[in-house]
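Chemist: Chain residues, written in single-letter form:
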Amino acid sequence: MKSSTICQEWLNSLPPTGGYLKNEQSIGREFLLEKGMPSKKDEAWRLSNLNKLNSFLSLPRIIDNKDMKSIFPEKDENRERIIINPNKNPILNINLPNGIENLNNREIEDNIGKIVKSTNIKNDISVYLNQASSLELLALKVKRNFNQSLEIVIPSIEGKSISTRIFLLIEEGAKLDLLQIFTGKNNSAQNHLIEIKLEPKVELTHGLISLGEKKESSSICTLAVEQSEQSKYSLHSIHHGWDYARYEPRIIQSAGEASTFIKGLQVTKLKEQIATHSLIRFEGPNGKLDQLQKAVASEYSHCIFNGSIEVPQKAQKTEAAQLSRNLLLSKRARIDTKPELEIVADDVKCTHGATVSQLQDEELFYLLSRGIDNHHANSLLLKGYYDEVISHFPKSARKWNFIEKLIQDVKK
Amino acid sequence: MTQSNTVEEIVSQPYKYGFITEIETEKIPKGLNEDVIRLISAKKNEPDFLLKFRLRAYEQWLKMKEPDWSGLTYSKVDYQDLVYYAAPKQDIKKKSLDEVDPKLLETFEKLGIPLSEQKRLSNVAVDAVFDSVSIATTYKEKLAENGVIFCSISEAISEYPDLIEQYLGTVVPINDNFFAALNSAVFSDGSFVYIPKGVECPMELSSYFRINSGDTGQFERTLIIAEESSSVSYLEGCTAPMFDTNTLHAAVVELVALDNASIKYSTVQNWYAGNEEGVGGIYNFVTKRGECRGKKSKISWSQVETGSSITWKYPSCVLQGDNSIGEFYSIALTNNFQKADTGTKMIHIGKNTKSKIVSKGISAGQSKNSYRGLVSISPNAEGSRNYSQCDSMLIGDKASANTYPYIQSKQPQSNIEHEASTCRISEDQLFYLQSRGIDFEESVSMLVSGFCSDVFNELPMEFASEADKLLALKLEGSVG
Amino acid sequence: MISSTSETILSIEDLHASVEDQEILHGVNLVVKEGEIHAIMGRNGSGKSTLSKVIAGHPSYKVLSGSILFKGKDILELEPEERARIGIFLGFQYPVEIPGVSNLEFLRVATNSRRKELLKSELDTFEFEDLVKEKLKIVEMDPAFLERSVNEGFSGGEKKRNEILQMALLEPVISILDETDSGLDIDALRIVASGINRLSQPNSATILITHYQRLLNEITPDFVHIMADGKIIKTGNKELAIDLEKKGYEFIDKNAKEKEMAK
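So the protein lines, in turn, are chains A, W and V. First residue of the first sequence: 1, per the working numbering; consecutive thereafter. First residue of the second sequence: 1, per the working numbering; consecutive thereafter. First residue of the third sequence: 1, per the working numbering; consecutive thereafter.
Any given hint could be a false lead.
Below 16 Å or equal to it, Euclidean Cα-Cα: the simulated EDC-like pairs (lysine to aspartate or glutamate) are [as the list claims (entries may be wrong)]: (1) Lys398/W <-> Glu310/A; (2) Lys349/A <-> Glu427/W; (3) Lys41/A <-> Glu227/W; (4) Lys331/A <-> Asp68/W; (5) Lys41/A <-> Asp68/W; (6) Lys296/W <-> Asp244/W; (7) Lys398/W <-> Asp347/A; (8) Lys317/A <-> Glu20/V; (9) Lys314/A <-> Glu382/W; (10) Lys317/A <-> Asp68/W; (11) Lys116/V <-> Glu382/W; (12) Lys349/A <-> Glu66/W; (13) Lys295/W <-> Glu227/W; (14) Lys349/A <-> Glu382/W; (15) Lys122/A <-> Asp68/W; (16) Lys135/V <-> Glu158/V; (17) Lys398/W <-> Glu342/A; (18) Lys317/A <-> Glu419/W; (19) Lys349/A <-> Asp428/W.
Derived from the structure by calculation, the hints contain no laboratory data. Keep in mind that this is a model prediction, so the values were computed, not measured.
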């Protein structure tokens, strides 16, 4: 990696921040100044379209909020929605619902950046880019008595880039249904860094809908989650419509004894590239993981999955299963999938699998032979393929019309 | 008594090939430079094209950096502190076995590879390589009747220079990687096999490699060419004495299969693995690659890797010809501080090409056993298929098993399927066997053998029992 | 078959045992003599299977106190394979599948280790094949099963027959058959039961662990024990099993309660 002038210029153009993020900002800046943007030689970025990544440096960072004009589907009654204005003081105008509080100063100091740090990878550009450019922090505590569903919506702005930084502390014993929605506008870039800490016995169902729109929208999302013992974390994600997206869920079971369920779907078309780089680490015994990652690539697009699972010596009796299933729908499209299992505990059960194929000809033929035309038959089969992930989202999430979007785009 | 403790004891058995043969050796001075390469080439009386090949490789090597991507840490090799040519002192290559130093024959006999006419194996032709030179090749005449050429690569260079010039370095280019470049510059000996069109090789061919000197790097070079509609099964074995320094072994193996040809290449690698503290042992940095150039050709690798302090090798298949087939069957057993990073690359280029990968890793002690593989389907490889299965077994809670299967597809009309699992010896299975009166050691050995059976079934008959014995030796102690 | 001069094969005294730090057996007493057939009945979780595993020496089960004597000798310090060699046989409720390990090879190694103990000559591959083919008839098994991996892909009935085949080959002194009848259809049950009957010898003994009466219609026990909460709470003859079938386990609970009250 060599420092590039464009990176330096970008760093110089960023407004400074104060408060809790000040230290974070200097970490990100120092790294980027010294090392610059990644190159093909960095294992974690080898397959990444680095030209597209550079759009993060070329778009102006918004610093006021007058451009915010997003229209969202109406929210359900029993759901609380927080729309993040990614600029000045994101939570200033938000009336926090009952059961959700801002973290106090001490809590922020004790927690912020810790989970990210414990999941740092070599040349962690996604994180450093965010640290260097995030100006405000949304830090919330979900209390045990909060009994509604929570939506966090993050819009983007045409021709601009945004960075958001979120920290959620979910108190012992709480049950939460969280839905996060990212939408991308034409020629926009967004970078999200989300830390979530699950205290013991927390049950969190986390839906993440990330929808790019139009051309040249880019997204980087790093999700760092720490699970305490006896917590249960279900993460369901959809990535679609981004010209460039990189999604990095990183989950640490800090004392083992927890369950993690992951279902992810990424769909690419045109010349898009979407990559998922997941990391799951067990730092205690009796942890469980069930991970399914699905990808569909058509036209000239490129889907990447890199799935790391670490089971160190102290994580005896871990049971982990990872499956990567991929559909390659066009001759010019490309799928790369790379599970990485590192195991140093002998009393474990770990399995992983990967498949790359096309839609099954027999299934297709069956539908065609019943008089369904080719387009509909393909759509039906794809819908079936998506369903394993989509079915885990709450009904209200359907308002975001992602199913229609997923299907209308894909042609064989 | 915990299960893992006792299983660990079982796998920690002394290395029985660790003796040194006292023999006068001719060595050139330590160090590597252009003059050394010229000297090696001159000693071997090589034609000019080969000297140029070596010098080109050396030039490339100087520009290359030792790789460090695999996460393997080891004390770096001082390339100027190695001897690049060592040979037992004897005037010229012996015409018959009677003239070979009896000490050498004795050495190979001790290793279970008798060479003399009375004792040699009845259905396997053997090329025995001691340090840098080939000592003897058995059954040459009988093979020649069928037009099969089986000899040391040095001999092939002088006898069949055209074949060498045509094929050498075409599968593994001289600048393929750091160790391949080094090998291309300094390789001393190795085996050469040529199977003419339409010939099914009448017996198993086998090379046996023995490192004897402690400060000598071993750089053997093997080239196998199977012409149209021919077939051959080849196997190699390796051992070395125990030294407390690390010895470098950087071999290159190239296979070429033309239309309808089939090559089966099997390895039992049992280089000295270092002691229980991880001191000493062979660095086994090997480049092995086969090209299925012809349509319907087939290359099948099988390997049983039990030795070496560090193993770093990925026997690969480039499936160029339409309907060609690549296979990789591997057992890797590591113990103490051994590190094995092995796997394969299956590069699908031709239409309807098929590949199959079965890998079984067993790690004990504080060893590290990694499967690293690549399956790549190029846009033109319509109708291609791959199936991979990688299973790891852990013995003891300090051993590690890593799996890095990398899959890349650019062809929608293809199928890739990968399955992997990691487990330990099941207590229930162990108890079941014991409850039928089978003792602990034998039960463990049976279960490990059972775990590996998919791969054993792929080894040549003569060899499968050898490999099973080798595994049992590591597992069972004095038995074997 | 039972006579007053019959020797004692197995004698269990006040046996307490645990698994995963939980005490399951709370003082079992049992004496089995030559020529006897014992049935142990009881609900799920009463400790029947635990008892069988403890006798066979499963490493997960810990003996806390009490003793198990086999022909007068303490066996608690013996490894499972040593117990098998002196003639203790456990027929598993769920025989484990062992992929890759040949059934024939497994049977031969097991048979030879028992023969060695009996000071009989070890059998080579050919001799063993003759023997095993003979024994296959007892359980009406297809020789093709020998070519497969141990229990792999066997149906429930085939697994149980493979267990009885092992019993036939090992010629044990005492056979403990843990729910051998479970999961069997009528035909398989008949084959297995007739196998057990044919294999019983005047100088050997059998313990049948079962849930139901139906196996006992085929094999007549000399004693029936009922286990509850880690103890044998009632012992009787075959009538007890019939009684139990009729009245259900509740009648035992009642009995037990009355006993408690009497105390």
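Chemist: Does the alpha-carbon distance linking Lys349/A and Glu382/W stay inside the 16 Å limit?
Modeler: Violated, because 36 Å separates the two Cα atoms, which is more than 16 Å.
Chemist: Do the alpha carbons of Lys296/W and Asp244/W lie within 16 Å of each other, as the hint requires?
Modeler: 47 Å, violated
Chemist: With the threshold set at 16 Å, check whether the alpha-carbon distance from Lys135/V to Glu158/V stays at or below it.
Modeler: 15 Å, holds
Chemist: Is the hinted pair Lys41/A and Asp68/W satisfied, with a Cα-Cα distance of at most 16 Å?
Modeler: With Cα atoms ~12 Å apart, Lys41/A and Asp68/W stay inside 16 Å; holds.
Chemist: Would the pair Lys116/V and Glu382/W pass a check requiring their Cα atoms to be no farther apart than 16 Å?
Modeler: Violated, at about 60 Å.
Chemist: Does the alpha-carbon distance linking Lys317/A and Glu20/V stay inside the 16 Å limit?
Modeler: 15 Å, holds
Chemist: Verify the proposed pairing of Lys398/W with Glu310/A, using a straight-line Cα cut of 16 Å.
Modeler: 14 Å, holds
Chemist: For Lys295/W and Glu227/W, compute the direct alpha-carbon distance and say whether it is at most 16 Å.
Modeler: 12 Å, holds
Chemist: Quickly compare the C-alpha distance for Lys331/A and Asp68/W to 16 Å and report which way the hint goes.
Modeler: The hint is violated at about 34 Å.
Chemist: Given the proposed pairing of Lys349/A with Glu66/W, does the C-alpha separation stay at or below 16 Å?
Modeler: This hinted pair is violated, its Cα atoms lying about 36 Å apart.
Chemist: Holds or violated: Lys317/A with Asp68/W, Cα cutoff 16 Å?
Modeler: 32 Å, violated
Chemist: Assess, step by step, whether the Cα of Lys122/A is no farther than 16 Å from the Cα of Asp68/W, and give holds or violated.
Modeler: 15 Å, holds
Hints 3, 4, 6, 9, 10, 11, 12, 14 and 18 from the list above are not met by this structure, while the remaining hints are.
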